[in-house]
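K.L.:
Each chain, letter by letter, is given below.
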Amino acid sequence: MLKIISLTTIVLLSSCSSMDSLYKKVLPKPSVVIIEDRIENTQENVIEADQSSFQSQRLSKNDVNTPNIAKLVVVEDFRNTGVSFVLYFPYDGTEIDETSTKQIIKHANFMRNNTTLNLRLEGHADERGTREYNLALGENRALSVKEILGLYDLSSRVEVISFGEEKPTLQKHDEDAWQKNRRVEFVYQ
Amino acid sequence: MKQLFVFVLSLYTSLTWAVLEVTILKQDEDAFPIVISDFSIIGDASQGKEIAHIMRDNFNRSGEFNASSANYVISNEPNFDKWKAKKIEAIVIGKLEKISKKVFNVEIELLDVYSKKTLYKDKFAVHNSGIRRIAHYLSDQIYHALLGEKGSFDTRLAYITVTNNDKGEREYSLEISDSDAQNPQTILKSKEPVLSPAWSPDQNRIAYVSFRNARSEVFIQYPFVRRKTQKLPYFDGIASAPSWHPNGKSLLLTLSKNGNKDIYSYQLTSKKLTRLTTDVGIDTEASYSPEGDKIVFTSNRSGQVQVYIKDLKTNKINKATFKGRYNAKAVFSPDGKSLAMVHREGKDYRIALLDIATKDLIIMTNNQLDESPFFSPNGGMIIFATNKGGSGVLSVVSILGRQTFELVSKVGEVREPNWSHYLKK
Chain D
1 MLKIISLTTI
11 VLLSSCSSMD
21 SLYKKVLPKP
31 SVVIIEDRIE
41 NTQENVIEAD
51 QSSFQSQRLS
61 KNDVNTPNIA
71 KLVVVEDFRN
81 TGVSFVLYFP
91 YDGTEIDETS
101 TKQIIKHANF
111 MRNNTTLNLR
121 LEGHADERGT
131 REYNLALGEN
141 RALSVKEILG
151 LYDLSSRVEV
161 ISFGEEKPTL
171 QKHDEDAWQK
181 NRRVEFVYQ
Chain Z
1 MKQLFVFVLS
11 LYTSLTWAVL
21 EVTILKQDED
31 AFPIVISDFS
41 IIGDASQGKE
51 IAHIMRDNFN
61 RSGEFNASSA
71 NYVISNEPNF
81 DKWKAKKIEA
91 IVIGKLEKIS
101 KKVFNVEIEL
111 LDVYSKKTLY
121 KDKFAVHNSG
131 IRRIAHYLSD
141 QIYHALLGEK
151 GSFDTRLAYI
161 TVTNNDKGER
171 EYSLEISDSD
181 AQNPQTILKS
191 KEPVLSPAWS
201 PDQNRIAYVS
211 FRNARSEVFI
221 QYPFVRRKTQ
231 KLPYFDGIAS
241 APSWHPNGKS
251 LLLTLSKNGN
261 KDIYSYQLTS
271 KKLTRLTTDV
281 GIDTEASYSP
291 EGDKIVFTSN
301 RSGQVQVYIK
311 DLKTNKINKA
321 TFKGRYNAKA
331 VFSPDGKSLA
341 MVHREGKDYR
351 IALLDIATKD
361 LIIMTNNQLD
371 ESPFFSPNGG
381 MIIFATNKGG
391 SGVLSVVSIL
401 GRQTFELVSK
411 VGEVREPNWS
421 HYLKK
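In order, the protein sequences belong to chains D and Z. Start counting the first sequence at 1; every next residue gets the next number (the working numbering). Start counting the second sequence at 1; every next residue gets the next number (the working numbering).
Treat the hints as calculated values from the structure; they're not laboratory data. One or more of the hints may lead you astray.
Said to hold, decoys possible - Okay, the calculated bits of chain Z under chain D, using three or more residues with CB under 8 angstroms as the criterion: (1) 220-230; (2) 238-247; (3) 253-260; (4) 281-292; (5) 362-374.
What the hints assert, rightly or not - Restricting the straight-line Cα-Cα distance to at most 25 angstroms, the calculated cross-link-like pairs of lysine to any residue (SDA-like) are: (6) K180/D - E192/Z; (7) K180/D - K82/Z; (8) K191/Z - G93/D; (9) K167/D - E169/Z; (10) K257/Z - S155/D; (11) K231/Z - A177/D; (12) K257/Z - D153/D; (13) K180/D - E345/Z; (14) K172/D - V393/Z; (15) K82/Z - Y114/Z; (16) K146/D - G303/Z; (17) K167/D - N258/Z; (18) K167/D - K347/Z; (19) K388/Z - A177/D; (20) K167/Z - Q171/D; (21) K257/Z - K310/Z; (22) K172/D - R170/Z; (23) K95/Z - N76/Z; (24) K172/D - E345/Z; (25) K167/D - D236/Z; (26) K172/D - S391/Z; (27) K191/Z - E185/D; (28) K410/Z - H173/D; (29) K167/D - Q368/Z; (30) K172/D - G168/Z; (31) K71/D - R215/Z; (32) K347/Z - H173/D; (33) K121/Z - Q141/Z; (34) K323/Z - G93/D; (35) K172/D - G412/Z; (36) K117/Z - N258/Z; (37) K347/Z - D176/D; (38) K146/D - K257/Z; (39) K347/Z - D174/D; (40) K257/Z - L149/D.
Please read these numbers as outputs of a predicted model, since none were measured by experiment. The beta carbon of each residue, even a glycine, is placed where N, CA and C say it ideally should be.
Isolated chain Z, as found in the complex (with noise of 0.2 angstroms):
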């Protein structure tokens, strides 16, 4: 079973802007013991040490894992006694071997160390400009095979940054990066503001809000594609909230026509706008169920900002939230179960996550300025943005309740995280 895996990264953009710093909040002392070894080497291949780094930083960042190296590079018959003396429940080990000027063959494989039996074992042909991504696609297939549910790795994530220049104004660029914050590319600079970036279900599109015709207007970016922007039609008033249909083929907006703010899907291709929301008061922040067939989304009608649900079979709407006197910006869970979303918790504003049908609502965080929740596609974390002595740094929270690490600029402030699906092969 050999598969080529050829990511060729063709970013067209001139700037690259600084790599947000990873810190790890906490490590659980139950986390999982593993040892992902440096690879061995067959030809001039120094990428061996990249891939089992890119692998352990994964694992310790999933608050899931604690992966450490092994001081040398494990052969195929690892000392399994040894391991399990030092409490080590499960080993990688890999080879990496350059076959052509550009292509390397990597093997795989998963050890248990107490039955000593392979839990995975597999070999790919990879481009040299894949090597990251094969990294993070190898972690994704580990922790399946240890954890039994996927990982959340060969993803992107988008965010909006904030410095000041040196002329002292604000300057706002969108950003994307691997799951991991490295590989950082800088999508868009404007002076004026920018925000919501929402990734397109096929990773290719990142729909925004832009202040740069000063009002809030809607555009497409194609990331991977020189220059290529698209601009929604203009709409009779502001147009702001962009959130994708999981087919990528249409957009929830907020547009506010005669100044009323609705809830509208907008279909790209034919330009259909149909209205889903009709009240006189803010609704806004819609986003669909896993399935398209909800949308979420913020209102104040009862006088209260708070969570509502539409079924867009019924056409009924559902108050989703009942706790607090404020909750807003929710988003579905992969699995369409629970809502993450801002909740106001007296004076400060918190990530909560809500179990739609037991109406249960357990607070995530404990900061005083959070918002921009967002899952990551396997469902087992959330990435939100918070303040931190002053300034905007990004968050992750598992759903465990761990605060696992921060994404933090060391040149401004950096919100509105965005996390793509997988990648495609």
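If we strip away everything but chain D, and leave its shape as in the complex, we get (with noise of 0.2 angstroms):
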């Protein structure tokens, strides 16, 4: 039994200045979503994964009708499609670069694609510099990612939240380890 969702296009703000050119190449084709389809796919997943991955445990049998794995099981296969659901920063840096721009583009339209989804964009920022600053610094991050997604339509379902420096990937005190703590974090629900 498949139930298919059609999602209208959506057309993109006509006026996005400087990076237009950028957004038009990877412009969102009109998609169609087979959400049961994929839970089918799952319950599958879930026998074999059931013996290895972590991941795919959360998904019991009881639980894999409900909507909320189904959100869960399509962000993993996003996920697994290698697109980047960490960003990082330069030093006291919001400014997003073009490779990480193409990341966001795809979060866009996955997003576009999946309508109940939810993103929370989570701010971080490394240890140096005092943490009030940096609890600011990482709002920013996380807003500088949301305004691209604003760009897709895409605000009102974007919330920022910022962890400073209180919630390191590393706890390690060098350069490797504050270019990993300086992100933004991608988080769905």
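Each chain sits in its own coordinate frame; assemble them with the hints.
P.N.:
Pasting the structure below:
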């Protein structure tokens, strides 16, 4: 039993200035999402994964029909396409480079294809400098990601929070750790 | 002249965390040599040793004194010539007398070895629970009698500790202690980050930031009242960086409304919110001048992180820092003439002291990751957080440039120190 949901094409904002070309290149195609098909796929995955993957163990058979699990599966499938769920930033910077922009656009397309999903952007900073400034900086990093998603009319589905330097990925005190801790994480809900 | 000190410290907290370990880093050879004798005891009063011990530790920690005991209890008539030969300049003697089940008489006298004169003498009645307080209070009095300025002993610290529990989860706690890190009390524990503790001027409240609701919010805790927590109203956007007005009636906050981080003052009774900065950049880490007529704050409005002062009478904002590409989290000294701040020097973040009028900037430390500077209430010391061997510790530097002592947690990190005003009698 397949239920097919068609998404109407969303026309992009026509006035997105200098970044116009970049966005047009990846204009999302009108898409068809087969939600329950995915669930059935997952049920197979569960049987396989029960022996191996921690990620799928959460998808017990009882839960499989609940919408949250369906969402989770969609997100995991998206993650498996190799898209980045974490973007990194320069020291004291909130700028988003072209590589990161491309990743954000993949997320934008994904969100437009999956209209029940909401996104939380979690901004982080490295430990250098003061905690409260870093809290503000982390929020600005998440906001600059949200700004691009806003061009796709997704603002209302994107929540921004900042943990500043409080939740480092790596708890070391060197250049490598700092680089990995200056980040924005994508958390779908 | 007799005063009764009744300090009933009824802290309603069930959890007491480990005491921070105090390490004196440098003993100055020129430090003032003083002997603080154990007090003579009348009746069943074993606390006589404790008072002198607390006082000696206080004086040694200050970096200004080299305090020793006398190996025996010095009576009313010290042998001045003997102490002079040992190059001791002052002697403190005292008496502790039990006058009822829980009340003691404390007498103290400070004697100058060269003139053989009494420099300070006083007598108090003290409740049993006030023994530690009286030791700190007397330390302040003697410090004043010898140096002409107050000590910062009869005060408290607040700080955050971070530990890993048995499940490997991080646990944050808000702790308070006496100025010597003794008598620690856990005020709050959370699995989510807790930061920016700030004592209210009346020392009955601590404002802080918590992520318990998955976003940064400001709370006010009453550490001496059971389970009393006040959450500030829901602001449109995240709230952080609380700092008290000297009158204790309002707080400075950073609010991120529509993503724009600006400084606001929030009146606790009227709930009135006043916006104090409007720049599109980050404005945060604000605190008041001692008179409450100015605020100092961090801003990246110039493209660099620098410190600014806003005069609340003229509404003018002036840049305060001109040296270095990163200056942040400044606080006014108690006399309002200087700022302590985090200053980037090459790749290192250090504590610096800025003379506001002359713009002279002095780097006070030699570490890599210093933050959260805060003045002792007498302005003589700056406490700050730093990193030692990969873990967070607190350190104290005297304004004269000596890093004097360190406060280290044996079980985790300690950070974000905040020093209270003088306690009320």
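K.L.:
Confirm or reject each hint.
P.N.:
Evaluation of the provided hints:
Taking a C-beta to C-beta cut-off of 8 angstroms, the region 220-230 of chain Z contributes 0 residues in contact with chain D, too few for the three needed, and the coverage statement is violated. Figure legend: the region 238-247 of chain Z, annotated as covered by chain D; annotation consistent (3 residues with Cβ-Cβ distances under 8 angstroms, at least 3 required). With a cut-off of 8 angstroms between beta carbons, the region 253-260 of chain Z has 3 residues touching chain D; three or more are needed, and the interface restraint holds. Counting residues of the region 281-292 of chain Z whose C-beta sits closer than 8 angstroms to any C-beta of chain D gives 3, which meets the bar of three, so the coverage hint holds.
Evaluation of the coverage hint for the region 362-374 of chain Z: fulfilled, as 4 residues show C-beta separations to chain D shorter than 8 angstroms, against a requirement of three. A threshold of 25 angstroms between alpha carbons decides the hint, and for K180/D with E192/Z the separation of about 21 angstroms falls inside it, so the pair holds. For the given pair, K180/D sits about 64 angstroms from K82/Z by alpha-carbon distance, which is inconsistent with the 25 angstroms threshold. Distance restraint check for K191/Z and G93/D: the Cα-Cα separation of roughly 29 angstroms exceeds the 25 angstroms cut-off, and the hinted pair is therefore not satisfied.
Annotation: proposed proximity of K167/D to E169/Z holds, straight-line Cα distance about 12 angstroms (limit 25 angstroms). About 15 angstroms separates the Cα atoms of K257/Z and S155/D, which keeps this hinted pair within 25 angstroms; it holds. Between K231/Z and A177/D the CA atoms are separated by roughly 35 angstroms; this puts the pair beyond 25 angstroms, and the hint is violated. Distance restraint check for K257/Z and D153/D: the Cα-Cα separation of roughly 20 angstroms lies within the 25 angstroms cut-off, and the hinted pair is therefore satisfied.
Proximity of K180/D to E345/Z is assessed by CA-CA distance (about 23 angstroms); at most 25 angstroms being required, the pair is judged to hold. Between K172/D and V393/Z, the direct Cα distance comes to roughly 15 angstroms. Compliance with the 25 angstroms bound is thereby established for this hinted pair. The hinted pair formed by K82/Z and Y114/Z meets the criterion: a straight-line CA distance of about 11 angstroms does not exceed 25 angstroms. Annotation: proposed proximity of K146/D to G303/Z holds, straight-line Cα distance about 21 angstroms (limit 25 angstroms).
Note on K167/D and N258/Z: the hinted pairing holds, with a Cα-Cα distance of about 24 angstroms set against a maximum of 25 angstroms. Among the hinted pairs, K167/D with K347/Z is consistent with the structure: their alpha-carbon atoms are about 22 angstroms apart, no more than 25 angstroms. Proposed proximity of K388/Z and A177/D is supported: the alpha carbons are some 17 angstroms apart, at most 25 angstroms. A threshold of 25 angstroms between alpha carbons decides the hint, and for K167/Z with Q171/D the separation of about 17 angstroms falls inside it, so the pair holds.
The hinted pair formed by K257/Z and K310/Z meets the criterion: a straight-line CA distance of about 21 angstroms does not exceed 25 angstroms. With a CA separation close to 15 angstroms, the supplied pair K172/D and R170/Z stays within the 25 angstroms bound. Straight-line distance between C-alpha atoms of K95/Z and N76/Z comes to about 10 angstroms, which keeps the hinted pair within the 25 angstroms bound. For the proposed pair K172/D and E345/Z, the alpha carbon gap of about 21 angstroms is at most 25 angstroms, so the pair holds.
A distance of roughly 24 angstroms separates the Cα atoms of K167/D and D236/Z; the hinted pair therefore holds under the 25 angstroms criterion. Restraint check: the Cα-Cα separation between K172/D and S391/Z comes to about 10 angstroms, which is no more than 25 angstroms; the hinted pair holds. A C-alpha spacing of about 20 angstroms is found between K191/Z and E185/D, which places the hinted pair at or below 25 angstroms, so the restraint holds. The suggested pairing of K410/Z with H173/D holds, with an alpha-carbon distance near 20 angstroms, which does not exceed 25 angstroms.
At roughly 20 angstroms between alpha-carbon atoms, K167/D and Q368/Z fall within 25 angstroms of each other, so this suggested pair holds. Simply put, K172/D and G168/Z have alpha-carbon atoms about 17 angstroms apart, close enough for the 25 angstroms limit, and the pair holds. Straight-line distance between C-alpha atoms of K71/D and R215/Z comes to about 24 angstroms, which keeps the hinted pair within the 25 angstroms bound. Of the pairs offered as hints, the one joining K347/Z and H173/D holds, with about 12 angstroms between alpha carbons and a cut-off of 25 angstroms not exceeded.
Using a Cα cut-off of 25 angstroms, the hinted pair K121/Z and Q141/Z holds, with the two alpha carbons roughly 10 angstroms apart. Under the criterion of a C-alpha separation no larger than 25 angstroms, the hint pairing K323/Z with G93/D is consistent with the structure, at around 21 angstroms. The straight-line distance between the Cα atoms of K172/D and G412/Z is roughly 15 angstroms, inside the 25 angstroms bound, and the hint therefore holds. For the proposed pair K117/Z and N258/Z, the alpha carbon gap of about 67 angstroms is over 25 angstroms, so the pair is violated.
Annotation: proposed proximity of K347/Z to D176/D holds, straight-line Cα distance about 14 angstroms (limit 25 angstroms). Using a Cα cut-off of 25 angstroms, the hinted pair K146/D and K257/Z holds, with the two alpha carbons roughly 15 angstroms apart. For the hint pairing K347/Z with D174/D, the CA-to-CA distance comes to about 11 angstroms; that is within 25 angstroms, so the pair holds. Restraint check for K257/Z and L149/D: the C-alpha separation of about 19 angstroms stays at or below 25 angstroms, so the hint holds.
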